[in-house]
Amino acid sequence: MKRQLLYLMLFFILISSCSKKVIALTGEVNLISENKYKSIELRSVGFGKNQDLAFTNSEIKAFKILFFRGIPNSSIDVPLVGSNEDEMMEKHKKYFDSFFRSRYKSFIMSTYESAPSEKKNGVYSVVNDLNINIKSLKKDLEDHNIIRKFGF
Amino acid sequence: MKYIVFVMCFLSSIKSFSQQEVKTVQPTIMVIPFVKENQDIRTILEDDFNKRIAISKVKEAFDNRGFTTKDFTGTLKIALKESTLGNNKKTDLKTEVIRLSGADFYVEVEVFFQKSNSGNSVKLILQAYDSFTGQSLSNKVGKSGKFYTDDIAKLTEKATVSCVEEFLNTLNLKFGDIVENGRSIRINIGFNEDSDYNMDSEITGDGDLLSEVLEDWLDENAFKNNYHLQGVSQYEMIIDDFRIPLKDDRGRNYRSSKMARKIRKYIKNELQLDVKTDVEGSGKINVIIQ
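Taken in order, these protein sequences are the chains called L and G. Start counting the first sequence at 610; every next residue gets the next number (my numbering). Start counting the second sequence at 10; every next residue gets the next number (my numbering).
Just chain L, same shape as in the assembly (with noise of 0.2 Å):
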């Protein structure tokens, strides 16, 4: 019986230790420089566990941050989508799940590390410059009936 409640424990244990860890969103994405409204260059901070992963976590949290939080003096100072990204990404699943998947790349211009990568307790950090095309993403987003075209 001691055994049974044992090898139960471990299973648990095995189970909680191997299930996938979600990097919180956090807000450190910054404003570098904006181009007459087509492109915006901006500075984002990746984790992961390994440096691959935190480089495309700064990538997906460059433009989590664009769609639901906004960027403080650029011309995007309120979330191009919404502010609660929940719903949000619930709403238009099929578009997130296909944009986050791989197309986000598509509107990447350029990406360049600004700063080494540092490991700090088995969580690697990346500082990431990327440049993003602003005006086609936008578009993009009206297409696909994300965002209201302007007008009514």
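Honestly, the hints are just simulated from the structure, not real lab data. Even for Gly, the Cβ is constructed at its ideal location relative to N, Cα and C. There may be inaccurate statements among the hints.
[Claimed, not checked] Here are the simulated DSS-like cross-link-like pairs (lysine-lysine), alpha carbons at most 30 Å apart as the crow flies: (1) L:703 - L:748; (2) G:32 - L:748; (3) G:152 - L:748; (4) G:267 - L:647; (5) G:256 - L:700; (6) G:271 - L:744; (7) L:645 - G:66; (8) L:758 - G:267; (9) G:32 - L:744; (10) G:256 - G:271; (11) G:149 - L:747; (12) G:256 - L:702; (13) L:758 - G:256; (14) L:645 - G:271; (15) L:747 - G:132; (16) L:647 - G:152; (17) G:155 - G:60.
[Stated by the list, open to error] Listing some non-contacts, in silico: residues in chain L with all C-beta distances to chain G over 12 Å: (18) 612; (19) 633; (20) 636; (21) 645; (22) 646; (23) 665; (24) 669; (25) 683; (26) 684; (27) 701; (28) 706; (29) 710; (30) 713; (31) 733; (32) 744.
[Claimed, not checked] So, partial list: chain G residues that the calculated Cβ filter (under 8 Å) puts toward chain L: (33) 31; (34) 35; (35) 75; (36) 76; (37) 174; (38) 278; (39) 280; (40) 282.
Mind docking chain G on chain L? Use the hints.
Chain G in isolation, oriented as in the chain L frame:
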């Protein structure tokens, strides 16, 4: 076999008809120069190249969003042809141009040029208004920054570009509010000079006054019960913000003329009063009780 083909064709035509997409009527917008009280709107653009630059840049920003604006110069020419306008009606001409254009909204562009020893600069004010209710929808100030240059046109362009996108973003937020909460129109209810009625006339057997009955009607018919009564006097009732939906129950575009018809039918059939209505542009209904 022939019958089956015929029935299939008939059914597919019904389906395609029912699926016909209703295109939402977009608001019309005109970009005009700011006019001071004693300035002449006729010559303000001809005399100032920099104002023309600013207006062109604002129009270009609308174009970039896939939106066509009404042409100010063209409308001004039509307004000038109106025989009733004399040379002494300089400021009235602006109202006349807006009225003739039929624009739902207009954008006023004001340009300031500042010369100083530390450099020249241009400041620009953009303001968007509802043509019929006068509501302010978006306001932004653009600055070129100081430069040692006499190229004012370039500075004007810089000042316009610095704020026009934020200006359009705010305007679009207001458009979103209109989609959600209805379009604002103005309703003026008055009386013919020879009318036996006024707002204080008892109109029902219960002793309700005409103004009270009309207010009940406004309560029931304003979109989401959203309206603002500016004031009621013995001879007039002014509703400066009455919301109507953009689409009716069947998904068709809803125009202010439909609301005019609704109020006319109510006054005529329910209150048994003779009434005339006229609709100015797409945002003002005048109701005249006979």
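Hints, verified against the model:
1. L:703 - L:748: OK: residue 703 of chain L and residue 748 of chain L at ~17 Å, within 30 Å.
2. G:32 - L:748: Holds, at roughly 19 Å.
3. G:152 - L:748: holds (27 Å)
4. G:267 - L:647: violated (42 Å)
5. G:256 - L:700: holds (23 Å)
6. G:271 - L:744: violated (44 Å)
7. L:645 - G:66: holds (13 Å)
8. L:758 - G:267: holds (26 Å)
9. G:32 - L:744: Since the Cα atoms of residue 32 of chain G and residue 744 of chain L sit roughly 25 Å apart, the hinted pair holds (cutoff 30 Å).
10. G:256 - G:271: holds (15 Å)
11. G:149 - L:747: holds (22 Å)
12. G:256 - L:702: Holds - the C-alpha atoms of residue 702 of chain L and residue 256 of chain G are around 27 Å apart, at most 30 Å.
13. L:758 - G:256: holds (17 Å)
14. L:645 - G:271: violated (48 Å)
15. L:747 - G:132: holds (28 Å)
16. L:647 - G:152: Distance ~19 Å between residue 647 of chain L and residue 152 of chain G Cα, so the pair holds.
17. G:155 - G:60: holds (19 Å)
18. 612: Nearest chain G Cβ is 63 Å from residue 612 of chain L, so the label holds.
19. 633: Correct as stated: the minimum Cβ-Cβ distance to chain G is 29 Å, above 12 Å.
20. 636: holds (21 Å)
21. 645: Residue 645 of chain L is in fact no farther than 12 Å from some Cβ atom of chain G, at 6 Å.
22. 646: violated (4 Å)
23. 665: Correct as stated: the minimum Cβ-Cβ distance to chain G is 30 Å, above 12 Å.
24. 669: For residue 669 of chain L, whose nearest Cβ neighbour in chain G is about 24 Å away, the distance exceeds 12 Å, so it holds.
25. 683: violated (10 Å)
26. 684: The claim is violated: residue 684 of chain L sits with its nearest Cβ about 5 Å from chain G, within 12 Å.
27. 701: Given a closest Cβ separation of 17 Å, the condition holds.
28. 706: Non-interface label stands for residue 706 of chain L: nearest chain G Cβ at 25 Å, farther than 12 Å.
29. 710: Its Cβ never comes within 12 Å of chain G, the nearest being 29 Å, so this holds.
30. 713: holds (22 Å)
31. 733: holds (36 Å)
32. 744: violated (9 Å)
33. 31: violated (12 Å)
34. 35: The hint holds - residue 35 of chain G has a Cβ within 8 Å of chain L, the shortest such distance being about 5 Å.
35. 75: holds (7 Å)
36. 76: holds (5 Å)
37. 174: holds (4 Å)
38. 278: Residue 278 of chain G check fails; min Cβ-Cβ to chain L is 32 Å, beyond 8 Å.
39. 280: With a closest approach of 33 Å, the residue 280 of chain G hint is violated.
40. 282: Violated, about 35 Å.
Hints 4, 6, 14, 21, 22, 25, 26, 32, 33, 38, 39, 40 from the list above are not met by this structure, while the remaining hints are.
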